[in-house]
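S.K.: Residues per chain, in single letters:
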Amino acid sequence: MWRDRTLLLFALPGMVLILIFQYVALAGNVIAFQDYQPFLGIRDSLWVGWENFRVLVNGDPAFVTAVRNTLALTLIQTVFVFPVPIALALLLNSLLSERIKKFVQSVLYLPHFLSWVVIVAIFQQVLGGAGLLNNFLRAQGWATLDILGNPDIFFGLLTTQVIWKDAGWSTILFLAALSQIDASLYEASAVDGAGRWRQMWHITLPGLRGIIILLLILRLGDSLSVGFEQIILQQNAVGLAASEVLDTYVYNNGIVGGGWGVSTAVGMVKGVIGVILVLGANKLAHIFGENGIYKS
Amino acid sequence: MSVIAQSGLSERKIRRRDRLVNGNRRPGVAMLALKGVVLSIACALVIIPFVGIVSTSISSPAHVLDSGGFVLFPDTVNLTAYRSILGGGVVTQALLISGFVTVVGTLCSLTVTSLLGYSLSRPETFGGKPMLMALLVSMLFSPGLIPLYLVVKGMGMIDSLAALIVPTMISAFNVIVIRAFFSNLPQELIDAAKVDGAGELQTFTRIVLPLSKAVLAVIGLFYAVNYWNAFFNALIYLNDAAKWPVQLVLRTYVINNAQLDSGDLGGLESMPPQPSIQMAILVITLIPIICVYPFLQKHFAKGVLTGAVKG
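The listed protein sequences derive, respectively, from chains A and B.
Take 3 as the starting number for the first sequence in the numbering used here and just add one per residue.
Take 22 as the starting number for the second sequence in the numbering used here and just add one per residue.
Keep in mind that the hints were calculated from the coordinates and are not lab data.
Ideal placement from N, C-alpha and C gives every residue a C-beta, glycine not left out.
Treat the hints with care, as some may be off.
With a Cα cut of at most 30 Å, we get these calculated DSS-like pairs of lysine-lysine [to be verified]:
1. B:K56 <-> A:K104
2. B:K319 <-> A:K104
3. B:K234 <-> A:K104
4. B:K319 <-> B:K56
5. B:K174 <-> A:K103
6. B:K150 <-> B:K234
7. A:K103 <-> B:K234
8. A:K285 <-> A:K272
9. B:K56 <-> B:K150
10. B:K174 <-> A:K272
11. A:K285 <-> B:K150
12. B:K215 <-> B:K234
13. B:K174 <-> B:K264
14. B:K234 <-> B:K319
15. A:K103 <-> B:K319
Incomplete in silico selection of chain A near chain B, CB under 8 Å [said to hold, decoys possible]:
16. S108
17. V109
18. P113
19. R140
20. M270
21. V271
Make the full structure from the sequences, and use the hints.
M.R.: Here it is in structure tokens:
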């Protein structure tokens, strides 16, 4: 140990940060079992056992809404967001001109690096009451559309924003997988009379199978976390009923509303389910003979 | 002359068309047109909003008001909106704070990340295995919003800029990426330095770091973009509006449409229209990202793939 003292000293600041902001914070979840009061602190707050977890089963309307919205959003986003980059990658991959491909990639990757604040602001400018679209409709003498303040289409709006932000960027992994496919497979299949669509079905899509399964596993682990910052920024416009998800519930009920114990309990259960989902999905991938995210 | 040229051209065209792609004939004109249309629409959906934002921020007040608040084509180049927000006041203050947090944060992040990554990359460091394990396991769990808030509060960082830097200073993922890079450096170089009597610190600063400029640049940019874009930690950790970073100012004055008066902008006599000011704030927030974007695009793709393979 003394021999490695310099190396250990090197590791110290990083490990201390991980220890404090990951592990100590993780231990802070004990307040889920307390009637936590900030002025009393963890040491003096009352222990209440599983009391805070009752919210999970007693049908509290705010919590039920949050669960329902979270699951609905995850489902919608998996169905509508996930395939977009795959289609886009196939399209980009089929372009023969490198120049055009590079240009399109440069344009479509950009929104990934913008913050949600910027993206929500941009959507306001385009779709909002005084935005590009409504100005155009007004100029034509047509009725304007209330898109950003309409709770009925809020999920659609969120999904559109996610596609706008990340569809381009997400093509990277698929493009990499496509470039790994052996070109001689295509030539051999063409000799055997396979057309372009059959090649797509029998060569290209199987080549993407591994990466698709990997990304679906990661998505599954994140399925209870949908668009936290994105939703917080737009909650005022559509109201809680249409927009509350588990993450915003934890924030609104806990940090804003002072329901510390209950919110922590909800956050903790959410975290545990997330880990179980990742581990379970990974196991499932192994059973299907794929690599998954790690090998044990 | 023209006949020859034309025939030459069409001959080349035919040959191009007959060239095989994946053993099959090139797609027909209809297919190409369809692809072109789809990709053009996709690009337009990204580009048009940016054009509109810049145009609104530089158009004359009359033009902005006439067109209902959002201009697609500017009538002039008028920088009053920029002068008003950069001449002191909330926005200037927020830009300085964001700049400070980004620069200091990135330097701190790079230092702790590369030191830890190097330490873990050396074979047989005492306790190296458990430390690596602790790092990997931490990527699986997230401590949760409220426990993290309580830790930050317990450390007395509420309402201080440290709350924007320290909790997000290290990313386990980046440590793993940089460790993988250090492990792939030729170990003979490091051993040779040791033989020549260099200590660990000297080996690290003289041999390892100079060989790792590219990966350090990538990871530094990664951290910098995150610091610049961070919004939520400022929202929960900072109650004092005088310490707000630019993303929070953007939310307040652009998304939530709070009115900026001349007192907020360092006391101007004539205010540009609100939409112009708002779009100028938006453009200013975007500029650093756009400036580093070419580097990001070039290196991030590689970084993402390294992480995917090694992580």
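S.K.: All hints are to be evaluated individually against the structure, with a verdict given for each.
M.R.: Taking the hints in turn, this is what the structure says about them:
1. B:K56 <-> A:K104: Measuring from Cα to Cα gives roughly 15 Å; hence the hint holds.
2. B:K319 <-> A:K104: 11 Å, holds
3. B:K234 <-> A:K104: 25 Å, holds
4. B:K319 <-> B:K56: Holds, because 25 Å separates the two Cα atoms, which is no more than 30 Å.
5. B:K174 <-> A:K103: Between K174 of chain B and K103 of chain A the Cα gap is close to 48 Å, so the pair fails against 30 Å, i.e. violated.
6. B:K150 <-> B:K234: 26 Å, holds
7. A:K103 <-> B:K234: This hinted pair holds, its Cα atoms lying about 29 Å apart.
8. A:K285 <-> A:K272: Status holds; Cα separation ~20 Å.
9. B:K56 <-> B:K150: 51 Å, violated
10. B:K174 <-> A:K272: Holds. K174 of chain B to K272 of chain A sits at ~23 Å (cutoff 30 Å).
11. A:K285 <-> B:K150: Distance ~24 Å between K285 of chain A and K150 of chain B Cα, so the pair holds.
12. B:K215 <-> B:K234: 21 Å, holds
13. B:K174 <-> B:K264: Holds, at about 17 Å.
14. B:K234 <-> B:K319: Between K234 of chain B and K319 of chain B the Cα gap is close to 15 Å, so the pair holds against 30 Å.
15. A:K103 <-> B:K319: Given pair K103 of chain A, K319 of chain B holds - Cα atoms ~14 Å apart, limit 30 Å.
16. S108: Given a least distance of 6 Å, the restraint on S108 of chain A holds.
17. V109: 5 Å, holds
18. P113: With Cβ-Cβ at 6 Å, under 8 Å, it holds.
19. R140: Check passed: Cβ of R140 of chain A comes within 7 Å of chain B, closer than 8 Å.
20. M270: For M270 of chain A, the interface hint holds, since the closest Cβ of chain B sits about 6 Å away, which is under 8 Å.
21. V271: Not OK, violated: V271 of chain A not within 8 Å of chain B, min 10 Å.
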